[in-house]
Structures are given as C-alpha cells and as structure tokens.
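Asker: Combine both chains into one complex, guided by the hints.
Heads up: the protein sequence lines correspond to chains A and B, in order. Under my numbering, the first residue of the first sequence is numbered 99, with each subsequent residue one higher. Under my numbering, the first residue of the second sequence is numbered -2, with each subsequent residue one higher.
It is worth saying that the hints were derived from the structure and are not from the lab. Virtual Cβ for every residue (Gly too), placed ideally from N, Cα, C.
Simulated coverage check for chain B against chain A, where a stretch passes if three residues somewhere in it have a Cβ under 8 angstroms from a Cβ of chain A: (1) 203 to 210; (2) 276 to 288; (3) 397 to 405; (4) 634 to 640; (5) 649 to 663; (6) 666 to 676.
Straight-line Cα separation of at most 30 angstroms, DSS-like style, residue types lysine-lysine; simulated pairs: (7) B:333 with B:544; (8) B:685 with B:203; (9) B:389 with B:263; (10) B:570 with A:249; (11) B:318 with B:308; (12) B:207 with A:249; (13) A:181 with B:207; (14) B:154 with B:193; (15) B:203 with A:249.
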Amino acid sequence: MITLNINGTDHPVDVPGDMPLLWVLRDVVGLTGTKFGCGIAQCGACTVHVDGQAVRSCVLPVAALDGRKVTTIEAVGQTAEGKKIQEAWLAVEVVQCGYCQSGQIMSAAALIAHSADPSDAEIDAAMSGNICRCGTYVRIRQAIRQAATGKPVGAQTIPNAGGAL
Amino acid sequence: MSPFPDPSRRAVLRGVAGGFTLAFLVSRPTKAWAMISARPQPEDAAAAAADGNPAFAPNAFIRIDPTGPVRLVMPNAEMGQGIYTAEATLLAEELDLGLDQIAIEHAPPGEALYATPLLFQQATGGSTSIRSNWLILREAGAVARAMLVSAAAERWKVDPASCTAARGVVTHAASNRSASYGELAAAAQRQKVPDKIALKEVKDFKLIGKPLRRLDTAAKVDGSMQFGIDVRVPDMLIAAIVTCATVGGKVKSVDDRAARAVPGVKDVIKLDDCVAVTGAHFWAAKTGMEALEIDWDLGPNVTFSTDSLFKAMDETSRTGKVLVARQVGDINQTGKKIEATYQLPMLAHAPMEPLNAVVHVRPDACEIWVGTQVPTRCVAVAAKITGLPPEKIIVHNQYLGGGFGRRLEPDSVALAVRIAKEVPYPVKMVWTREHDIQHDVPRPGYLDHISATVNADGMPVAWTDRVTGASVAARWVPQALRADGFDQDTTEGADDPPYDLPNLKSEWAPFQMPEALPIGWWRGVGPTHNLFKVESFLDELAHAAGKDPVEYRRALLQKNPRALGVLNLAAEKIGWGSPLGLRMGRGVALGSPFGSHICAIVETEVTPQGEVRMRRAVAAVDCGFVINPNIVDAQIQGGLIFGWTGALYSRLTYERGAAQQSNFNDYRIMRLNETPPIEVHIVASGEKPGGIGEVGTAIAAPALANAIFAATGIRLRSLPIDRTQLQQDKSAAKAVISSVPVPEARP
Chain A
99 MITLNINGTD
109 HPVDVPGDMP
119 LLWVLRDVVG
129 LTGTKFGCGI
139 AQCGACTVHV
149 DGQAVRSCVL
159 PVAALDGRKV
169 TTIEAVGQTA
179 EGKKIQEAWL
189 AVEVVQCGYC
199 QSGQIMSAAA
209 LIAHSADPSD
219 AEIDAAMSGN
229 ICRCGTYVRI
239 RQAIRQAATG
249 KPVGAQTIPN
259 AGGAL
Chain B
-2 MSPFPDPSRR
8 AVLRGVAGGF
18 TLAFLVSRPT
28 KAWAMISARP
38 QPEDAAAAAA
48 DGNPAFAPNA
58 FIRIDPTGPV
68 RLVMPNAEMG
78 QGIYTAEATL
88 LAEELDLGLD
98 QIAIEHAPPG
108 EALYATPLLF
118 QQATGGSTSI
128 RSNWLILREA
138 GAVARAMLVS
148 AAAERWKVDP
158 ASCTAARGVV
168 THAASNRSAS
178 YGELAAAAQR
188 QKVPDKIALK
198 EVKDFKLIGK
208 PLRRLDTAAK
218 VDGSMQFGID
228 VRVPDMLIAA
238 IVTCATVGGK
248 VKSVDDRAAR
258 AVPGVKDVIK
268 LDDCVAVTGA
278 HFWAAKTGME
288 ALEIDWDLGP
298 NVTFSTDSLF
308 KAMDETSRTG
318 KVLVARQVGD
328 INQTGKKIEA
338 TYQLPMLAHA
348 PMEPLNAVVH
358 VRPDACEIWV
368 GTQVPTRCVA
378 VAAKITGLPP
388 EKIIVHNQYL
398 GGGFGRRLEP
408 DSVALAVRIA
418 KEVPYPVKMV
428 WTREHDIQHD
438 VPRPGYLDHI
448 SATVNADGMP
458 VAWTDRVTGA
468 SVAARWVPQA
478 LRADGFDQDT
488 TEGADDPPYD
498 LPNLKSEWAP
508 FQMPEALPIG
518 WWRGVGPTHN
528 LFKVESFLDE
538 LAHAAGKDPV
548 EYRRALLQKN
558 PRALGVLNLA
568 AEKIGWGSPL
578 GLRMGRGVAL
588 GSPFGSHICA
598 IVETEVTPQG
608 EVRMRRAVAA
618 VDCGFVINPN
628 IVDAQIQGGL
638 IFGWTGALYS
648 RLTYERGAAQ
658 QSNFNDYRIM
668 RLNETPPIEV
678 HIVASGEKPG
688 GIGEVGTAIA
698 APALANAIFA
708 ATGIRLRSLP
718 IDRTQLQQDK
728 SAAKAVISSV
738 PVPEARP
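So that you can see chain B by itself, here it is in the shape it has in the complex (with noise of 0.2 angstroms):
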C-alpha cells in the first residue's frame, strides 16, 4: 500500500479564506480578531492583575510600579534572534527611557493581547514580528510617556507641553520640578488615554538604530540565564522517553523490569505510542529507558522511505493537479528554451537546546514551563488532553536554545502533558538528541522544473516554474490557504523574483505526506526552498549565454533599484572579477524574502577530492530602517552559516518510516573551522523595516551552489552537494581559473 494519502483528500485540507499570505504584509486584519494594540483592551485588566497588579499598565506591554526597573512584556518569543533587545528597544525609545532602567518578562499565552498581526496568532516565525509590531510598540511606549506626562502636569497644574521625559522621570523646568515614573505611575493609570499620538522623528532618536548590547547575553555568558530545559520545581522528575522508531507506530507490548531495576527510576509510564521512564535524574531516566524492552507495531508507514518519497512526488509533479500561483503576459515566447530539475532533501531543525518541557497536572489546573514559539498552541494542546478548560493551562514560557521553526509545533508539549497526567508529581521531559532528530517535525523535500525560453542575446523572454511539495500551511494555518487550496508559501521567492520578467508562469502541484509525518516551517520557509532553485537557474541562464551572473542580473533589475543596490554592494566590496586560483570562484545570489533585499557572494575553493572550502563571503542587506545594526549583522551571518549548513550536510532520509539519521556525528552542523570570514554591509534606509531572521539562510545556499559552479563547471541541483560529483576526475575538463567560467553548454 501507498504510504501517500490519495490527493483527492485534499478538498478536506482546504481552508476558507483566502487572500492571506504568510510572509508578506497583507490587509490590515479584520475587527474580528483581537490582536495586539497600543491601547488598553477589554483583556488588559485581568493581564494586568495577573502580573503583579502594577501601578501603571496602559496597555499589554508596559508596567510601571511605584519602586523597581519599568517592566516590559515581550509579545514574541527570543530564540536567539534578537527581538527582545529589538522590542524593547522600540517600546523605550518613545516611552524616554535608558535599556538599563527595564526588566522583560516573557508574554503569557493570549491570542487578544499578543497575536502577531501578520501571523493572525500569537506566533513567532516568517520573520514577521518586527514587520509586525514596529509601529504598534512605539505607539504603546508614545501612549504611556503621554499618560505620564499628563499626570505630572495635572499635579503641578501646568501645560503637558511644557514638560519634557527622560530617563523615566518627567520635568517640568520652568519650575524645577521633576517626578520619576515610578512616582507618577498611580496618577498616570488615570489619565485619559491618547486617541492619536505622535511618534519622535528619525533625528531624536536616541536608542533606535544603535548598536545597543542586548538585553540576553549578559545572563547567557556566565551561565545563569534559564533556558526551558534548565526549569527545576519542587518535586519534580525527569522523564526520558522512547517512542517508534517508525512514525505512527503503536506499543504492542513492553517489559519493562530491568528498567524498573535501574537504581534511580521512579515510574514507567506505558502511553499508546510511547513508553516515558521517570527518575531523580535524567542518567537514571535515560538508563531505564534503554532498558526498556518493547514490541512495536509498526504500523502503516513502513514503507515510507525517501525512495518512495521522490517517486511519487516525480509522479505528482508530472500528472498530479497543478495550482498557478502567479501568470502574467504570455510564456508562448521563440527562442531557445532550457529546462532543469532542482531537488532538495527533508530537513531536521536540530536546535542546540533539544526538545523538553515541564509540565504539572493537577486536578484543577495544569502548569507548563516550556521554551515556545506558540504559547497558545501550548495551551489549546494541553486543555483537550487534560480536558481542562484553556483559562487552567498556564504556560510560563522560557529562553529558547534556537527555534528555526521546531518550536512553532507543540507536539512536544502534548506528549510532556499525556506523561505528567499519568502521575502525581511535574515531570521535566527530556527528550535525546536522537530522538529530537528522529522525531523531528521535518522540513519537506521539494522537486521543481523550471525553464526559460531566452532571446537571441540569452536573456530570459518567458519563465516556468512548478513546485512540487507538501504544504505546510494546510495543517497549521489553513485559513491562510487560497479557496482553491493554493499555499503561498510553497512558491514563495519563485512566484515573484525581484528581476523584470514579464511572461512568467509559477504553478505549485499539491503533495500529500503521510498523516503520521506531519511537515513543518524550518528557517526561511518558502524562500529557503525557492532562491536555491530561481538563483542556481538564473545563473545557468547566465553561463548559458555567456555572460558574467552579476552582469545578467544587473540586466534584469534596472527597475528594481532596492535589489540593484545590494547587489552592485555586494559585487564591489567582494572585487568581483578580480582573478581566483584554480579550482576557486565566486558565486552570486540575489533574493528579495520576507520585505528586504539581500545580495551574498561566496568566494570558494574545491579540492581535488571534493571538499568544498568557503574562503570569504560579502551580504548586503537592505532592510530598510534598521533598529539594532549589530543584531541585523549577527542575524545575516548567523543565517548564512544556517543555510550552508543545510547545502554542505543537511538530509533527512527515511527507511521503513524511520528517521535515518541520529545525531551530529551523522546530521552534521557546519562548525568554526569550516566558516568563512563573512562582512554584512547594511544599506542605509528609511524604508519600512524589513525581516532579518531568515534572509541570510533564504540565500546562502544558492550563492555557494554557484561559487562551486564558478570553481569546477559542475552545477550541483539538489542538496546537499555532492562532493563525489565534486572531484577533480570528474571535472578536470571544466575546471577553470577565473570567477567567470567558460559557459556551460546546455541542452
């Protein structure tokens, strides 16, 4: 039997409405959904109350007591990413007050107060908060310095304009008189709140677009920051678990005594699908559960296997339903036409924190300490398990050792609640490396014909493109699909490239997974997947005709001056066309993902035996307005090395159902020896902020693939790179010594 559902059940997968897209800006949402505001809203008091009743909480984000730091609530999640510098950084430049005069506090969970406008939850991902909240914050930090300022001028009867802020405390010169927030909190929860408000000029800034230190490294140098897996509360236990190594298999049967007799074990708890060991320690709860012996039916997916997998997604791709995501002009164009075949591997997210939780179920509520990307799914999970009501979850959510999507699923979590349900005591579920790899929430694989039709100068007349993929969307956010069942993130980056092509047809045919390997977001989703595969063409379009890949870009972008610019920065910084050894070149990638513009160039060897070695790299960003340019440099780095690691190492691969891969002896991450110097170079904008999280992933990838290209003629179409196709036998004919490489000839 198939492992594959029949995609005529795809009408079930269908959401309602559509128009929405994940990672771009859409339409402002609708009065029916609650989202986050700069003003007090009807769920503001009980948020306050449960927060330690501050003096002053004008809306979900600030909290002023008479005594102590002002406290801000961070409405997304700080996996690394910066956004908890960032946001408070925005809520205090216009509430007049120093980074050091603030603690954070992690958001409770609550759709009505911190849904993400652009994600229509209260959600972490696509790169979207900044896009989303940039306006909202400093509006709420406005809100609370006008409030303030108008309860010191209503106790010294003067003009609120006369009175100025800063550094939390409020003057009124003329008389010499001056009260700290702290002192005017009581009064200022009184005042009127501000219909409109005016936000500070670009000239007065005095924290935004500073390379302010960030609010979370000082506690994570010296070891004292608390991350989810380092929560300990009284009684608790830790749980090791095991589950099949086939996804969707079941417990037949389990004997468990020698784990029982494993000095240390406390309980072995028997789930359907699970078997969890709890004990004083994680040593004692691993031990035990290593001892555990289990007969597993294995179930239907057995015969999944990454084999399988393509096969039947080349069967799709060829005869399945096909979706247009975008057409313009006519693609019936003369000239030659060149086709490829792009294929890229499911992924593992493998974050350095592995996945945990800690969970308390008592009677009447159940408590969960967890590191998430979604608070609110958390909670949904938990109640339907527990059968408590949703207002009895309390999910304390915690630091997050990396995110890059796995943390947006909350199976974890469901499985941390169904164990502590079972006992009387909170139970810390740990969950190995192997099993985090294993049982990972994977990146789909994906498989793409793309083909041009070029003129007789070589440039592209009409381009084609068809994806074929599992949606993610269709599971976590239907309602975002088009009526037609259209998933704008599969297309995403190839629907719309930045370049002037104005026949253009993009289509996406719809794959099924099977249902017990659900598919998740890894870091830059949809334009991860499509700028490997739209950047590597457009260069064989480029070696095709002969030309130099910055020239032919830069043909295909004279009206598009933002991606003009990143890539003539980039290009001059890196000294593009200056000569290379043999066996060296260059290799460019351009894409405009989630609001912003990036240009990298990759400078490489490859030896004779195949082994690719990065010498140097050069991004330029065009973010737009940028709110920490340390944290934009970290991110743009960080994200390359993100994405080469996925192009040099990262494979998912499945036999009879089950993950083939364990750990970082066999899913290997990119380590320090093996990276380039890299240099960002930001371009100065006062566009509106773009994302940053995942535009250096979107695009490393494609840019090493055409550095290997420009070092040895061989143009690698599916990751991970091949070093065997890599070696000097195989490409001594078309090695070459200079960044521009003799063109490829192509059918």
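For reference, chain A alone in the conformation it holds in the complex (with noise of 0.2 angstroms):
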C-alpha cells in the first residue's frame, strides 16, 4: 500500500511501485482530468506538479512519490499562478478540443511560479515539451503574457458567453 497526497489528500492506494502516476490518478483515484496522449513523456498532456514542480506523471513510478505533494489540474485553481493562467486562458480563448490542455496549464503554472514575468526564451523552454494537435500554441504565448503581466495581451472574448448583452 502506497500513501499519495493528491491535491492536499492523502489517497491510500493497492498499486504496483512501478505504475506510473496517471493510470493511479486516472484508473484508481478518479481524477481524470489528467490525460493519457503518449506514455512516453512526449506529449506532456499528463503533465502534473510534484512539489511545485512540472513533471510528466504518464512515466513518474508512483513508488517515488513517498512524501511528495501531488498537484492535479483539478486543483490548481486553488494556487495563485494557477488562477491566474486559468482565468487568462479563458479570457484569449485558447482552448480548442481541449484534451492536451490540462498539461499545458499545469505547465504554465509551474512556469509562471517560477519567473513571475517569463521571456519568450523561457516561454518557449517551460511549453515546448507539451503538444497540442489543434494548434493553439499563439494563444498559449499571449495567455501566459496576459497571466504574467495581468494586462489584456491580444484579443479578448465576452465572458458569460454573452449573457450581458
């Protein structure tokens, strides 16, 4: 038995050591908003936080998480960074079939924790190892300026899909 603090909770988890995070995450504990893309470390759409860190949790042996914090993306709302990304990906509208996306904000976030106002050089290094099949890697760049800097950066949606007007 295996003990993993997933999101502030301790899971007691029957598993092998060698079972990668994802499938404890996805198959076991529920938590599906963590995506299978590749299983390779690859694609980054399992992308997870141990300890504040980005890690790509599709190859990460549960066994190693002893004592570790895990951060899924359905609770990195509840961090600073994390509310911040989510509230700028909404605003530029980056989503589209939205399957790669929780890797790409649980990315960002780490990103944005780490350097508050990141360059295009470190853009670049922190997002390139996540995929997105649907191409919205423009938008992902302009919603992270917008969540670093919290200024408008590009064209905005209207939020309540209108519900105002």
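Answerer: Okay, structure coming up:
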C-alpha cells in the first residue's frame, strides 16, 4: 500500500510501485482531468505538479512519490498562479478540443510560479514539451503573458457567453 | 503477389447516384432523405420522450422545461472547432436567449433528425456544419420563439405582434405582463407550428458576430470536461489491445500465461485479429498485453511497402484508366510547356486523445460511450456485430479530444464491441499511442503530374493536372461518386482554381489500396492535397516568368474579386516586397476551399543546416457571414499549424505491411517553440457562410514551401520537406536576398 498526497488529501492506493502516477490518478483515484497522450513523456498531456514542479505523470512511478505533494488540474485553480493561468486561458480563448490543455495549464502555472514575468525563451523552454494538435500555441503564449502581466494581451472574449448583452 | 487489387475491380465500388460532391454545396436533398429540420418531424416525439419529456420540444434541437436552463441539442460533434458554441449561438439568437441561459446536449444517433444536408448523414466533417445548418438552426430558434410568444398572447388575450421576447422572457409592455419561457413551455407545445417565419436582420443580432466565449472551455481549463476516454461506468474494466503489426494479419496462437499472471489482469480475450487484456486499470491491462506471446499469420499484405505503393501509383499514373474531372476550352495551345510532378505521403491523424470506447454488451442492448464524428455509423457496426436491432444500440456521444477525420471511422468502436461481447462487464478499450498511429485509417498518398503552357509573357494559356491516388469516398460514401466512378474529392482544389484559366483539363487516375488498409479523410481533405500542388506550381510559373508571385496571381484574379481581396489584404498586412535577410523568404498561397477564400503568406528563414524557422505568418480570410470571429481566428491559426506540421514532419511509411512510425518521437508534431506569430485578418462579408475548420490546413503547406523557395531557390515538390535538400552547400549558388528571388531556370 502506497499513500499518495493528491491535492492536499492522502489517498492510500494498492498498486504496483512501478505503476505510473497517471494511471493511478485516472483509473484508481478517479481524477480524469490529467490526460493520457503518448505514455513516453513526449507530449505533456499528463503533466502534474510534484512539490510544485511540472512533471510527466505517464512515466513517473508512484513508488517515487512517498512524502511528495501531487497537484493536478482539478486543484491547480486553488493556487494563485493556477487561477491566473486559467483565467487568462479563458479570456483569450486558448482552448479548442481541450484534451492537451490540462497539461498545458499545469506547465504554464509552474512556469509563472518560478518566473513571474517569463521571457519568450523561458516560455519556449517551459512549454515546448507540451504538444497541442489543434495548434493553440499562439494563444498559449498570449495567455501566459496576460497571466504574468495582469494586462490584456491581444483580442479578448466576451465572458458569460454574452449574458450581459 | 502484388498487394494492390486489380483496378478492373473498381466497378464493384462504383456508386449509383452522381452529382453530389462532398465539400461543395449541392442541390437540396430530395424528400426521400429525412434531414434535420426547424420543424417537428415524425421522429421528434420519440426523441423528446427519450430526452426527459420536455414540456416544449418544437424540433430536434430545443427542449424547454418549466424550470432550469433551456436545453439545446447539438446536431454536430464538438472536436475543438467550436461548433457547439456556433450552433448554440444561431439557435439562441433567434430564440432570444443568452448563452448563459442554456445547457448543451450531445445529439443521440438519428439520421432522420440530425443528418447534415451536405453529407446526407449524421456526420461532422468536410467543414460542412455551418454551411449546412446555419439557416435551419436560426429558423429552429425562430419557430420556438414564435410558439412561445403565441402561447403568451393566448394567455393574455393580446395580439402576438404586441409582445416582445428577450433573455427567455415574453413581455407585453402595454399591460405590463411577462412570463418566462419555462412558464409558457406547456402552452407553447400546443401552439400551431408556423409555416413561414421571419429571421432577424443583421442589425438586430445580439449574439451572432460577437467574440463570445465558448461554452465548452470553462470545463476544459479545470479538468472537469468529460472526453470519451474519461467515461467511467460501474463495474467497468479497462482493456488494452494488440493486433498484428502487418495490416490484415491474423492471430495464429497465443501464449497468455505470463499475461494472466500480471496483478490486476482479469481476462484475456482472443479474437481472430486481436488479443485484448482486461484489468482493473490500464497499467495492468497494458502490462498484461505486453506479456502476451502471439504467433501471427501476417497475411497477404507483407509485400506492401511505401516503395511498392509509389511505384504502383507511378505505373497507374502513366498507364491506368483516367477519369476527367473537368475540362474547359482547348488545352492544345502554343507556347512553352512547363511540367512538374508532386508527391504527397500517407498520413496519420494523431488526435491528442487516443482512440477509445466504453462498451457494455448486454443480452437486450448494447450501450456505447464514445466521442465520434459519426454516431449512426457506430450504431450500424454495433448492430451488425451484436445482432441486436439498431434501436437497441445506445450511443452516448462525448466531447472529442480531436477528430481531424480519424473519428469519421467506427473501426475502433467495432473492435471495442467485439471485445465487450465476450465479457459480461462494461469494457473501456484504450489504444496506446503506438496503436493509434500504426493502426490509423490513414490519409492516402498522392502522385500528381501537372503542366502548363505559357505565353510569351509567361502567363498560363493551358493547364493540365492528373491526380493519381485512392478514393476515400468509394468506401465511405459510394453514392457520392459520379456514374463513371469519378470521386470529386480527389481533384477538389485542383479542378476549378480561382484563377482565370480558360483552357484546363483536370483528371484523376484511380488507384486501389490493399483491402486491409482502408484510407480515410484527413483535415482539409481534397484541398489539402491539391492546393499544395496547384499553389506551388503557380509559384513555379511566376518564377519561370520572372514575375513577382503576388503580381502573377493578381493578373489571374481579375474576374474573382473575393479571392483577389484576400490576396491583396494578406500582401498588404505582411508588407510584401520589403527586404529580408540572407536565406529568408516569403511565400504566398491562395485558395477558395470549402466555400471560403483564404490567402496565407509565410515568412521563413532556412538555416545553413537546412532547418526551417518560420518567422511570421499572415492569413486573410473571407468566409462570408461570421458567427463568432474569435473562433474563426482560432480555426485559421490552428489549421495553419496543423498543415505546417504535415509539411514539416508528417509521413506514415510502411514496410512489410506495417507502419514504421509509432509515437510522437518519430511522428513529430509542431511545438510552441517552432510556432511563428500568426496574424489573421477576417474580411467583413454578408455572403453566405463558408467552412472554416479546414481552410487554414489546406493553405499552410504551399505558403511554407513557396517561402522556402524564396529563401533558398529550392523547390520542394514532395512532403514532408527534405532538410538535406535545403542545406547550404546545395543551395548556396541559388541563395537570394530578397523576397522576389531570381527566376529559376525551368526545362
């Protein structure tokens, strides 16, 4: 039995130690926001935070996580950086199919937690491990800048789907 | 033995009814086909009953209950293109609702209620959704609104014309009375359905045309959105699968002792072409699957390879039967003849969500949870496999983690049903990325011969084009083929270019793929293949004439103001003609696919090592009437990147009948650090809407290839780009320093 601290709650799980965190999250704990994309740490869809660091959960054996704090997309909005990133993501409407976006947001939140106002090169370094097949990269860059600066970057959507109109 | 079937068998595949093309607007369907409608259809009562018996269900899209949000049923599938938001906007606009007052539902399978007129079936593809449904859905909203107003007027005994509606409330201002749609729902259901209904004028739009936030994105940024792969039902186990690497191979024997010993493994299920391992979680199932020892019968396709494919296609292109797509004028003109051969690879789709399906086969019914572009095709395959009647197949569609044409096929659902049929519990089958790429229904390869005769000014006076490739439609929608078997998709984008080409002949030499390797639709379909060739070749002609590629196109677009408009706009916005550095260049490409007009201009640098570094891109698009400009902008950006990924990296190759690529390490996808700034300029237009989901993809590769030519003087006539050709030592003699390079000598 391994005890995982996920989003602030301890979860005892009876799984093999070499089982990647991704499948424990999705199929054992039932947190399906973290996605399976490639299984070989090539696409970043499975990105979560371990002690605040962005890591690829598809290749991370759970045995390595004893005493570590795991944060997933379901709880990243409770951090200041995660909330800022999610809000910017919606304001500039990054998302298309959305399947990769949990991972994108986890990578971006870790980036601005470590570098409050990242340079282009820092954004490239932090985000080029996350593939988006819909091609949302231009807006990902825009949203990270917006989250970092707190100022609108580029065209903004009208929130509440026009409820105020 | 050749893996390629005898082309004389083609007659078997020939369709019966000609005249309908996949991607262009066709004549209205005859009444023989039940189609989506703004008004009640015979099947509506059953659909409403199955959808919670709403108090008011005036058609297949609108459900109004006494309390709660208005429920809107989406006829198309949401795979990232924003169709749920766009279709909800059309309904809500005429229904006088805010998008914050609605809830979205996936449509159940049902041709009679949800068949898309342009595709003659319930399917999402070919950039047809808005083109098909934009007026039907507005009318559906307007019909519902009229019946709600009529119910209020009846209650208050006033003239309906004296009532107004806004944000889900009908008001009679003169008597200061109002009632919510929920309060009026039961009475509205009893009102007469109006035969004729006026739609709003553009000036009265509250929702249409505004950059409203999408309805699906809030749940996609906090992890709560449920995709097909996220479905969990009670007592479900997870299945991992393996099939023969060689397409069409069969299982000879299986030693499953090691697999069954893996902790968490429940069952090993042997089918004739697949072995599945179920377990408590995917890790157990996959570990078990990898422990299987299987002896395969590789079958008849072991001789299939990419080399044999293109050799056979070359043979067909020279000696095979040819069908004429379109011929105008007389191609026998005097002048200099310029010819080129273009080649495009087979491609995998690689949506980020690997294929999956949850299936529960019970004695009385089969229940399926899957994200699909073709719900009724999923019903059909499940009915056939289970022997159950179609009405006992229940498909719950889901949000799609990318489609791109891959989810226009029900093959993965069929496999999941075959597995689930062997066990009493629900099974979630999840494909590994490796299986997803190696067992795709790939985009076919193409081999095209194109030529032009040019006059003394270097302008084309005759144009010929022969496409060689396999038909997707012959299998997928055989009724779309012309009586002689011609498939319009194969030449779409090549047979009627936007340019003034009065003497043109466009042909298709049909090619047969091995039966075990069906080929499928890929984002941008015919135009993605053909625009690369047409726009690259036009660039060749411009350079052969010593003319600027933008000026050359302008001269040929004098009769086509919308296409000329996007060309001029893009050229202006990028600053066409301004100086660039060494080994930098700009490339232009223009096309009119899917009822829209698009021009893309790419500015790129090519390093001395042959690496392509895009610096900037501008796209101008005229897609007619715009429902949500933010979504149009996103589709162009993403479509371009999808197309550039193809141009830079994508190629699915085969040896011994097996795909050679397997995951994102060898089937690369463009990444953020490779993405240039992209500006999208939308032309304001009152024309009917064109498609938008694929136009960026279709125009991406030729703009990039033309920019690479401008930077290096090297013409790339096959994709993906060959970096070794672009290395400096091979191109130094031709390197140019402006965006208008020295004309390349052509034979």
